[in-house]
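Novice: Chain P is fixed; fit chains G, E and F with the ligands onto it per the hints.
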Amino acid sequence: MTEAALAAQKDAVRLDLYRSMQRIRLVEEEIAKRYSEQEMRCPVHLSIGQEATAVGSCAALRNDDQIISSHRGHGHYMAKGGNLKAMLAEIYGRVDGCCGGRGGSMHLFDDSVGMLASVPIVASFVPLGVGAALAYRHFGQDRVCIVYLGDGATEEGVFHESMNLAAVHKVPVVFFIENNSYSCYIGLADRQPVRPLTDMAKAYAMPSASVDGNDVEAVQAVTAQAVARARSGGGPTLIVADTYRWREHCGPNYDNDLGYRPMAEVDAWRARCPVDTFGAKLVADGVLTEAGKAAINAEIEAEMAEAFAFAKASPFPDPKTVADRVYA
Amino acid sequence: MTEAALAAQKDAVRLDLYRSMQRIRLVEEEIAKRYSEQEMRCPVHLSIGQEATAVGSCAALRNDDQIISSHRGHGHYMAKGGNLKAMLAEIYGRVDGCCGGRGGSMHLFDDSVGMLASVPIVASFVPLGVGAALAYRHFGQDRVCIVYLGDGATEEGVFHESMNLAAVHKVPVVFFIENNSYSCYIGLADRQPVRPLTDMAKAYAMPSASVDGNDVEAVQAVTAQAVARARSGGGPTLIVADTYRWREHCGPNYDNDLGYRPMAEVDAWRARCPVDTFGAKLVADGVLTEAGKAAINAEIEAEMAEAFAFAKASPFPDPKTVADRVYA
Amino acid sequence: MPEQRVISAAQAIREATDLAMAADPAVIIMGEGIADPKTIFGTTDQLMEKYGPARVMEMSIAENGFTGMAIGAAMNGLRPIIVHQRVEFALLTMEQLVNNAAKMHYVSNGAHKAPIVVRLIVGRGWGQGPAHSQSLETLFAHIPGLKVVMPASAHDAKGLLLSAITDDSPVVFIEHRWMHYVKGHVPEGWAALPLDGPARLTQGDAVTVVSNSYMTLETIRAVEALAAEGVAVEHFDLRVVRPLNVDPIVESVKRTGRLLTVDTGFATYGVGAEIVARVMERCCLTMKAAPRRIGLPEHPTPSSRSLAAAFYPRSPDIAQALAELAGLDQARITAIHNRLAEEREALPFDVPHPSFQGPF
Amino acid sequence: MPEQRVISAAQAIREATDLAMAADPAVIIMGEGIADPKTIFGTTDQLMEKYGPARVMEMSIAENGFTGMAIGAAMNGLRPIIVHQRVEFALLTMEQLVNNAAKMHYVSNGAHKAPIVVRLIVGRGWGQGPAHSQSLETLFAHIPGLKVVMPASAHDAKGLLLSAITDDSPVVFIEHRWMHYVKGHVPEGWAALPLDGPARLTQGDAVTVVSNSYMTLETIRAVEALAAEGVAVEHFDLRVVRPLNVDPIVESVKRTGRLLTVDTGFATYGVGAEIVARVMERCCLTMKAAPRRIGLPEHPTPSSRSLAAAFYPRSPDIAQALAELAGLDQARITAIHNRLAEEREALPFDVPHPSFQGPF
Ligand SMILES: Cc1ncc(C[n+]2csc(CCOP(=O)(O)OP(=O)(O)O)c2C)c(N)n1
Ligand SMILES: Cc1ncc(C[n+]2csc(CCOP(=O)(O)OP(=O)(O)O)c2C)c(N)n1
Ligand SMILES: [Mg+2]
Ligand SMILES: [Mg+2]
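Chains as they are written, first to last, in our numbering: chain P, 1 to 328; chain G, 329 to 656; chain E, 657 to 1016; chain F, 1017 to 1376.
Just chain P, same shape as in the assembly:
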């Protein structure tokens, strides 16, 4: 490839990162806006402010790689190439949802894009990811699984059991901690001793890396290394990405009036918006223009308009099917 072609390719990749983050941002904001209509009747945990962790890390994966997530899974599903219609229909409780409306926002399963599952019990999904990755090896596949978890989830014993099991069995998994330093309204210092979260990897002689979770390219780079290690049989890695949740823990609103976190902290993180800072960088680098941004937005708005309309038009699941598929 010529140097120019290489540069163009690199630009395209960067634009994709931007587009993917902006897609998450706009969709989550639209969900927030429409939530008060009381038609999405399930708890929602939005990932506004945390777009770079999902997008940067998923960019390091192949389509046939898998991810597994938590209550805060919209961003991961979208970053992994998720189907917006299927996600929104699920949140709206409709039959065309990725779980047929049975799961809601906290259960997003879509094998076609490698979204293995999301599970609302904190850390409960972590060993599932280790097992999923065990299966790759069993079937001779060179796939990798990323397990996303919050800083709160690292306090559950099963996370440690999973780290140990993954380390002993050298399973191709990446533990990706999205550290927004809160579990609901409780800050890290009330829940854990002060030390870098990466120190948890030392307990299992596991390689680890810290990364600015609002820098999508840094996230991608660090994840790519971990994924390469896993894919080549080098076993698990722990990544800790610091980032910030902008809105309330559960629900569409802001909750800074509650006083559980300092406004200066909120403002500082908002000033480091992962989408805007990366957008500005792309503009500065001459990769993106204001017109280009508008075009991307328009594209996303169109997809969203169609997807929301699709979700709302999708029928509710037939109550007669409520007892189906209990046993396989």
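FYI, nobody ran anything at the bench for these hints, they're computed from the structure. Hints may contain errors.
Said to hold, decoys possible - According to the in silico footprint, chain E covers these stretches of chain G (three or more CB under 8 angstroms from chain E):
| id | stretch |
| --- | --- |
| 1 | 450-461 |
| 2 | 610-619 |
As the list claims (entries may be wrong) - Quick partial rundown of chain F residues pointing at chain P, CB under 8 angstroms, derived from the structure:
| id | residue |
| --- | --- |
| 3 | A1070 |
| 4 | G1081 |
| 5 | L1094 |
| 6 | Q1112 |
| 7 | H1121 |
| 8 | T1182 |
| 9 | D1184 |
| 10 | L1260 |
| 11 | N1261 |
None of the values given here were measured: they were computed from a predicted structure. Just so it is clear, CB atoms sit at the ideal spot from N, CA and C, and this is done for glycine as well.
Specialist: Here is chains G, E and F with the ligands on its own, set in the frame of chain P:
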């Protein structure tokens, strides 16, 4: 105190350490010998070979300090000053046992000497120790609790949850790992990645120490530091003491014929017998003579003879009481 | 007569906790979010301000660990109250509850006590879905050594919680999320109620019905509908699931010859099964109709409201079963069912009542 | 006729596992001690040698973690068999089993399957004590989405385990420690038995008795004693606790009018409660006697053998209940009871039979 008096006191302490180890050794060997009579009808997990960890660490405690233990708890109970009659009667299933025969070998509870409990579910007792220690602070006491656990128990998630909770709340507890490098018949390398077990403390910014678990004085010294830290409000410490189980995991026999561990390994550890090496040291230091050893043995034999007779003479609990004390 | 005070069950729970903490410095509370701005649906409001962080202990996300911690603390004289925002989180703690808490007193031959209270909240509505909505009382009620309490009113929530906290045995205290909103007359001060079993809510000779927790509220509506038709149902709110006292129920069924049980949890292997079995052991030969049970069906809770509506039995279903048991003719059965069903259709199925705003 | 082969249930379990692993490379086995010299009471003997460590996975002491791992692996096409040496260790895994395994297929609307088998062993005897002896089938049987199987013979152990392994749903397979020693005719080869519920062991019109797991063996002895007295008892071995098929039992009780259930676990909120409730829902008005239940009493398992002897119901107790239900006169009841009791007194209470040597 004169220098001579100080030296005499030190000698007395060292003799106590020796006596306490030898007591455990002889009692456990007697249990092994008598087990085939099929009168102690409960599983027994002997601590022969591991005497120095229990004795050295308990020597760093006051009587009103507490300890909590596992399936392998005889040594801890005896080292904490436990009542041999109550222990043997418990193992024989008699009414004078420390739990009235209800618990057997794996449940030794005796508040009078600070043996808070022993519990046969691996690691299940670890958070109990953290809670016990929390209560001291609540009631303004400067007591300390030692939690004994095996290397296998460190794989349970609840151990990590407990470490984190103890660290955040700065609870006066010492986690004391008796690392005999086996969980039943499975070696450490099949269960954990290779690294010093003390690295687990790093995950919680917790101070830790490694010690030769067959060197009773070294164990005492390292435990005394941890206990002092805990007592003065400095929070928990993790101690890892390497030692070795001589006999089978459960039961009275040797099981080296099974081939799960190399004979060279067994022989190397037996050559480092914690009781004999310390005895030899005391002899070399002029603190103990062969006659002195014989006197100690005679003393212990007498206590044992009486205690076994007591246990066997103790009546079985009345079957009519079987449903008593379910609710407090 | 002095005017009686009306408060919600959530307020009643908070009040009981506050009273118990004020009365005994050994009472502490441990949980995730107990001191956050939401204060567990208001049930721990102001406790941190009043008693401080040594007694109102915000916990790491480590349910099994802090349950064991509570048990150890209880063995040394504290009286911890644990709170979990959903029953499901306590599944992580089953080993501690079943092996340590339940058996500590027995195994130590009475030397130890483990006086902990485990407050569990049953989620329902607003798409809670399969892992935030289970009731699961059977899992605890099956275990000797545990006590299991399920209040259905503000009055009982306060009185039973006070007794649970002062009880020397471990008590699992299950609160239905929709019960928190229920208001009622609640006496001020130390108004403890003994943990002694079923409360007779109505008297009658036609049918005996035994319900628990939230389903008691649905059952009250059904019993009223039958009363309006002149059918007198004897209604027991079970309240204490373990230890189980069926004596008043047996006495009643001896008169009525008819029994319906209404569970908040799954029907199969549910509380109703044990009640039916115990009552049949003593009343079988004098029954006028076969006993019946209502409870959740044989599958997980779906999130979508169209499916959730088909999942939860409601007052019309209960009224229909009662009417059938009472031997009413088909026309009257249908009329009763339809009247209640219409009333119900007017309200959304996935929220408890209009004052319920939030999605949680 | 070819001579029939006799093997123990432990051998039958090993054989079923071996056959399943040979037939399908997706079958793996995970547990603590599966490849150690004791090989889980012989049930995993030689599997490591034959299938290697990638399929016979020795696990760290992390039950919850490796259960989740098994579920994740199953979602990606493996068929893990998990083994726990005691039921109690699975209490650490309840969250995984109840929320993930049981609901995965339902919540994903059929997209995912979680075909795991969880083998649990019930301890008994030799002073096992409170935390190594529980049966706890109710805890699993209460959960829609799980299947729960409890074999009582070598024949069924093999046949039902084969079906459990090939079943696409999660199956909890509960083996009583004393059942492992039981020998019987077991066909060679792929002799799968459908997971379809109770097996009729004897026919009769006097009383219907339904037992499960080890207690089926005690019940067989009791039924024989009644047969010797000319009383024909219809005996069902339940085998599958969930999904529960009571149809054959109902058909039988319709004839006999008498029902006894015999649980291996605690009686209260036990399997018998659900059976009695279901049967009463359909047979209540034609009963000739009130139904009865036998099971473990309302307290933990004591270690001391004098107490353990007072804890476990045995064949004389079952025979007495059957004789009472059948309406025999007091003299005959006493005679039957005493004959069995004498036979029993001759053997130690805390070991299954003379071939049982070890303390474990
Ligand atoms: C086992 C369990 N305990 C508690 C909860 C309630 N809960 C839901 S989300 C959450 C906070 C998790 O914090 P973190 O892992 O940091 O994720 P974040 O919400 O910050 O993305 C808690 C405590 C739960 N769902 N499961
Ligand atoms: C939760 C649980 N899992 C498994 C067991 C079975 N078990 C009893 S002792 C033991 C080994 C424990 O090893 P370790 O902690 O190193 O103690 P050691 O026996 O070496 O003293 C195991 C696996 C158990 N009792 N509890
Ligand atoms: Mg967080
Ligand atoms: Mg060990």
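Novice: Run every hint past the structure and note whether it holds.
Specialist: Verification of the hints:
no.: 1; hint: 450-461; result: holds (count 10)
no.: 2; hint: 610-619; result: violated (count 0)
no.: 3; hint: A1070; result: holds, 7 angstroms
no.: 4; hint: G1081; result: holds, 3 angstroms
no.: 5; hint: L1094; result: holds, 5 angstroms
no.: 6; hint: Q1112; result: holds, 7 angstroms
no.: 7; hint: H1121; result: holds, 5 angstroms
no.: 8; hint: T1182; result: violated, 11 angstroms
no.: 9; hint: D1184; result: holds, 4 angstroms
no.: 10; hint: L1260; result: violated, 13 angstroms
no.: 11; hint: N1261; result: violated, 13 angstroms
In summary, the structure is inconsistent with hints 2, 8, 10 and 11 from the numbered list given earlier, while agreeing with the others.
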